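These protein sequences, in sequence, are chains A and B.
Counting in this note's numbering, the first sequence tops out at residue 372, every number present.
Counting in this note's numbering, the second sequence tops out at residue 366, every number present.
Hints are computed from structural coordinates only; laboratory data are not their basis.
Since this is a predicted model, take the numbers as computed values, not measurements.
Glycine included, every Cβ here is placed at the ideal spot set by N, Cα and C.
Hints may be right or wrong, so weigh each one.
To be clear about the criterion: a stretch of chain B counts as covered by chain A if any three or more of its residues have a C-beta under 8 angstroms from a C-beta of chain A, and this derived list gives those stretches [unchecked claim]:
#1 16–22
#2 34–43
#3 88–99
#4 143–151
Only pairs whose alpha carbons sit at most 27 angstroms apart, straight line, appear in this in silico DSS-like list of lysine-lysine [unchecked claim]:
#5 A/K102 to B/K134
#6 A/K128 to B/K154
#7 A/K184 to A/K102
#8 A/K105 to B/K90
#9 A/K90 to B/K134
One letter stands for each residue in the lines below.
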Amino acid sequence: MVGKDNLRAEDLNLCFKKLMMVAGSGNSEKGVNLKVGVITEWKDIPVELLMQILSLVDDQTVIIASGVCRGWRDAIYFGLARLSLSWCSKNMNNLVLSLVPKFAKLQTLILRQDKPQLEDNAVETIAKCCHELQILDLSKSFKLTDRSLYELALGCRDLTKLNISGCSAFSDNALAYLASFCRKLKVLNLCGCVRAASDTALQAIGQYCNQLQSLNLGWCDNVGDVGVTTLAYGCPDLRIVDLCGCVRITDDSVIALATRCPHLRSLGLYYCKNITDRAMYSLAHSKVNNRMWGTVKGGGNDEDGLRTLNISQCTALTPSAVQAVCDSFPSLHTCSGRHSLIMSGCLNLTSVHCACAVHAHRAFTTFPYPAH
Amino acid sequence: MSETDLAVIKPEMMKPYVWLQTSDDSIQQVEQEIAMFSPLICQEIIQKGMGSSKNCAICLPQQVSPAMLSLILDYCRFHQVPGRSNKERKSYDEKFVRIDTERLCELTSAADSLQLKPLVDLTSRALARIIEGKTPEEIRDIFHLPDDLTEEEKLEPLRNITADPRIRLLNRLYAKKRKELKERGRLKNVEVEEEHVDERSVDDLLSFINGNDGDPKGVKTSKNKKKNRRKKEQQKNSSLKEASEMNKKEVNGHDIRHQSSEAERISETSYLPYAEDDTFSPKVEFDDGDIDDEIDPALKEKIDREVEDFARRLNSDWPERMQELLSSGQERKTMLFTTDGFLRRQACMFSPCVTVFFLIHHMLSN
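Start from the sequences, fold in the hints, and give me the full structure.
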């Protein structure tokens, strides 16, 4: 090195430093320990520990932390599993375009918006970069078109939870296409997706998404009995179904859900004016069938069955039919503080009460009301 | 520790003390009941029968220094006592993590290596509270982290993508100018480097390596030259800096650093997604104004013509915008165009292209 012609001062300094280190003079600056194997610098903490600390701060801070140093940046880019950008009130689209490609291991991405910001190119980026994505929330993304769903179908096949509530521009064909690829879906929120949630789309979901456990079809007034029935037959593991405002459905839909979905825990029928006593007796009867099947299997738990039922504005129902359901499912309560049987707007159902409202230990009748 | 694990412990193994060896090879005697709070130590005792004597002491991970072990044992001793209320435990935990950040980091690392989940959770929460709401610079200072990211990398996560074609055109013009200036500077540097030859002897170099104070003469002179050159440049740029300061005060109306609330301060920083693009920072404008002095007149004239042409198109695009600007009664806008206003006062200092740029910036910011 000394023999070089154009030797710079920096090179000499470097050489000098190396000689000093070899001689054994330690560098105590900023907690650096040169003892072999000992890690005392905070930049050398395990990635898991750093990620645990960052899991306790807000998402804004996580993004800021990715600009601290290389070690932290790499740890965050390759270790971050959950990211929410819902705090971003404007420019969310640009933020997704520049951030998402860097987070290779994202499993949860929350992009809720108060005013629509996301566009198809952002969802396209998500689909191309986040192949391990399992939970995606795109609610209120009014600007998104079918192109987004097609991209998601091809890029994010491991999706288990998808919230596209309020995405009114999606069509039923695009949703059917998504269902045919994302077959691991367990939770799907289609509330307000009037165009997307049709019988055609529900038939595709029933055919392909057999693991579905929760479905929100609130205010999807194109949904009819054909779609819901197919869904009930195709997705026996359904636990939560919200059909609020689905004005076209009749008793057939409820009967299909009652007979085909033994794990049903929550059913929303708000404003479903066509629902009659027949549907209620079917629900009550399903409890007995399920209990009998449970004893054969060795299960049979009183806590199984409906825990929430919303029949507000279902004015065609009579007290005896609703009381039958209430008696069949001990978890349904009309008493204050535990409202799980919601009947607002049904003035003729004021006489319906849960077991604990009448007396604490009411005898449980096995099969008091025959189904029609 | 589960009951099945306890059942495995032989009576002769249930000694009141165990021996632990820390990272500096010192050996400590610790109550077994306390030590077994750590699943790692527990495993060593049960499965390997270690720690029963000084000769077969349990080697603790390297992150566990004697000081950290002492802290951890204090924590375990307090939480081992059965009769304490949750309020007492909470109060103790709060006081326990009120230590300087460096020790808190060490403690987190040590607790993690000993698999003490409750303590890791506690210290992690404390560290999270420290990190929250801080800028990258502050985090680097707190944790003594290296500043090894380039400026581009620091701004990269939250760069805004500008879609406006007018802005892109302007950016392109200035990028072109900067590129030409760099090229010119590089050529100058090459000429200077060719002239400079290191005259130092091998003896001089060796004496430098050996740490003698006497710097070779060549180095000194070059340093002095650099100093003089820097001084000249500083004098030359001082007027521009003043203008930049005035622009900051008068156009922006306030300084970011004087924001009262933390939230506002954060929203102003470039680390957030909705922060304005750097394209229009006054610094860039005045740098480009400075560039004009060193570009040859023909090129300067060409660029000025381009910018004037662009300005004309811009005005034809936005006649209403301009009208609104001129007729507006707001104090800040009026000041900009009055005879004694900022722009007229400073316009003589800049080339036409900077003046146009400044106008555009003002229009867009409104």
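Against the structure, the hints come out as follows:
no.: 1; hint: 16–22; result: violated (count 0)
no.: 2; hint: 34–43; result: violated (count 0)
no.: 3; hint: 88–99; result: violated (count 0)
no.: 4; hint: 143–151; result: holds (count 7)
no.: 5; hint: A/K102 to B/K134; result: 22 angstroms, holds
no.: 6; hint: A/K128 to B/K154; result: 24 angstroms, holds
no.: 7; hint: A/K184 to A/K102; result: 25 angstroms, holds
no.: 8; hint: A/K105 to B/K90; result: 35 angstroms, violated
no.: 9; hint: A/K90 to B/K134; result: 22 angstroms, holds
When held up to the earlier numbered hints, the structure conflicts with 1, 2, 3 and 8 and fits the remainder.
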